[in-house]
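Participant: Whenever a hint applies, use it, and build me the whole structure from the sequences.
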Amino acid sequence: MSRTHLGLPTFPQAARLSTRDEQLRANLRHATSTIRTKRATATSELSDWPQLRAAGAAIKDHTLHHLDHYLEQLETAVTTAGGTVHWAIDADDANRIITDLIHATGESEVVKVKSMATQETGLNEALTQAGITAYETDLAELIVQLDNDRPSHILVPAIHKNRTQIRDIFHTRMGAWGRPAPDDLTDTPADLAEAARLHLREKFLRTKVAISGANFMIAETGTMVVLESEGNGRMCLTLPDTLITLVGIEKTIPTWRDLEVFLQTLPRSSTAERMNPYTTTWTGTTLGDGPQTFHLVLLDNGRTDTLADTTGRQALRCIRCSACLNVCPVYERAGGHAYGTPYPGPIGAILTPQLHGTTTPLNASLPYASTLCGACYDVCPVAINIPEVLVHLRERITQGGPTTTNGTKTTIKPAKRHTTERTTMRTAAWTLNHPAAWTATQRLTTRTRALHPRRLPGKTARAWTATRDLPPVPARTFRDWWQHRDADAKDTPQ
Amino acid sequence: MTTTSRDEILRRVRQALGDQPGTTPDPTTIPRTYQTTHATRTPEQRTHLLADNLTDYRAHVHHTDTTALPTTIARLLTDHGTRSAVIPPGVPTDWLSATTGIHIHHDHGELTAHQLDTIDTVITGCALAIAETGTIVLDTSPDQGRRILTLVPDHHICIINTPTQVVDSLPQALPHLDPTHPLTWISGPSATSDIELDRVEGVHGPRTLDVILIHDNRD
Chain A
244 MSRTHLGLPT
254 FPQAARLSTR
264 DEQLRANLRH
274 ATSTIRTKRA
284 TATSELSDWP
294 QLRAAGAAIK
304 DHTLHHLDHY
314 LEQLETAVTT
324 AGGTVHWAID
334 ADDANRIITD
344 LIHATGESEV
354 VKVKSMATQE
364 TGLNEALTQA
374 GITAYETDLA
384 ELIVQLDNDR
394 PSHILVPAIH
404 KNRTQIRDIF
414 HTRMGAWGRP
424 APDDLTDTPA
434 DLAEAARLHL
444 REKFLRTKVA
454 ISGANFMIAE
464 TGTMVVLESE
474 GNGRMCLTLP
484 DTLITLVGIE
494 KTIPTWRDLE
504 VFLQTLPRSS
514 TAERMNPYTT
524 TWTGTTLGDG
534 PQTFHLVLLD
544 NGRTDTLADT
554 TGRQALRCIR
564 CSACLNVCPV
574 YERAGGHAYG
584 TPYPGPIGAI
594 LTPQLHGTTT
604 PLNASLPYAS
614 TLCGACYDVC
624 PVAINIPEVL
634 VHLRERITQG
644 GPTTTNGTKT
654 TIKPAKRHTT
664 ERTTMRTAAW
674 TLNHPAAWTA
684 TQRLTTRTRA
694 LHPRRLPGKT
704 ARAWTATRDL
714 PPVPARTFRD
724 WWQHRDADAK
734 DTPQ
Chain B
454 MTTTSRDEIL
464 RRVRQALGDQ
474 PGTTPDPTTI
484 PRTYQTTHAT
494 RTPEQRTHLL
504 ADNLTDYRAH
514 VHHTDTTALP
524 TTIARLLTDH
534 GTRSAVIPPG
544 VPTDWLSATT
554 GIHIHHDHGE
564 LTAHQLDTID
574 TVITGCALAI
584 AETGTIVLDT
594 SPDQGRRILT
604 LVPDHHICII
614 NTPTQVVDSL
624 PQALPHLDPT
634 HPLTWISGPS
644 ATSDIELDRV
654 EGVHGPRTLD
664 VILIHDNRD
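Protein chains in written order, with this note's numbering: chain A, 244 to 737; chain B, 454 to 672.
Since no wrong hints were added, every one of them can be taken at face value.
To spell it out: a stretch of chain B is covered by chain A in this simulated footprint if at least three of its residues, at any positions, have a beta carbon under 8 Å from a beta carbon of chain A; those stretches are:
(1) 481 to 490
(2) 566 to 579
(3) 594 to 604
(4) 632 to 642
(5) 649 to 655
For the record, the hints were derived by calculation from the structure and aren't laboratory data.
Glycine is no exception: its CB is placed at the ideal position from the N, C-alpha and C atoms.
Facilitator: Now the structure itself:
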């Protein structure tokens, strides 16, 4: 079960509303244009960026192609180092394992480091139902949690809020969760950061259980790696007695040495820094330092189904940097909420339909949430060809075909909603395969060009031309010109 | 007996990889055409770059030698208004020989998070520093102590021996580090980019990072 529910609007429906929100548009335009410029500067510092990018992709592909081997190696290494490894087939499985682990400690509150995996499984909601309060400690996650909102960006979940809106949320909501914001709180980022520091400190000092994700898991050593900025990660990974880390199985990398690639590419691609302020690595447990109990929960939740698709599996290389969101013209205008899932933007448009299938109208609409401009592919630090996967998924939705669902190979039927598109494509294919028919069609088209409407008739065709101009038809076809080019040349004075 | 999630996930992985030949993986075959360092530098240039990059991310960089180190530390403590400081067991006592009027806690693993929250400053060494990224790595050796020490106090003074503890780049740093120790990589003081994607310093970790570079062979 995922957090993508049947009742959520499709991407076009949601985007129709969000693109009219001028405040949202302004906030996103400001934030994404700031980070785009900075990222370009940060990556241009490294003359070997293309080689680092290729190595990152190669390491990830290598790991995915031997994932069974590396997962077993990782499990052995973590266990040897004093950790306990759990395996979760889906979101419910993961939430149940984590809830049971927390109950076993006797605690009823946990601190959390920002984790996409727990967003994906809906862990906070599951914990609430089990009577456990989860405190988000990343600044942006805190803003989203206080406002009872949803994240809209992988790296900066509150990117849709500006400083004044954040000040207002802190003012009205912090008191209900703990230490209230000071009365004279201004909207300068430094003051807002200070308010978050004071609000969360008592929770860090008091809470006995922490939940985190991890950016990387190193199979040969069993080491977990968390990159962060604020120090909330260090607090959660160091102070509590028990640490529970939920990680997607695709976050595995083979060796310690592989970090030399990703620690160069991830910070520059995400926050556009040479290096993020804090990175923590830990291996199992260490006597007298940090949590004395460590649980690693390995999450599948559709990843093995994605792995089964030889074109789509490249999405599993993703290191969640969010560079593709920041350059995407569709994301910048529609905002993250329109994607309806924890993974917005170009990567979300290929990840969500693969992790959770294309049976819901929302998921089936996501591969279309793109202009295929390719900016996402250009910036991706692990060279995921997002446009290629988008087109592949569109093909699967319109034409159906083989796929894997919950570990079972199956064939999905062509979607009902794309009959006009399919009929058009089928007719075009037949015509293009029959030269006489093609010539006749072309001739008819050029001769009637004066009569062509600028907008197509019919419900589906009209929808297509509502946002596009029909291409103008030339007076002569290429074939016609080619056949008569000698005669034309003679007619032209030298 | 029902299939466990572990067995089922591994079964699904193997089924999904049906198109891949089932050979034993060899990670040394991964092409690594990137550079191990982005320039050839003298030890002085390397240290200079480290200082520049630390400063760029708002760490305060100070230069001294072993003889003057106690005076430098004493001055930084005074400037910060420190009333109490904590040192891990491996910090040489002569580092504090010029410091007076400040309560020094010697940590032997017993200080709690609440106690550390009342302590102003922590003074440590480091495992190594990386010039190209302006990064300091702590590996919990005796001169750095438990991770909690460099986390809860709001002011961190970190001492780096140059040029011996400075490497050029990430590829040069990793072979010197032991992943079985918990490692903390620090690049400037605590910061966030969460408000309008703009970096501001100072959230949960130490908000002031003083880095002292020791140059003993200076002419």
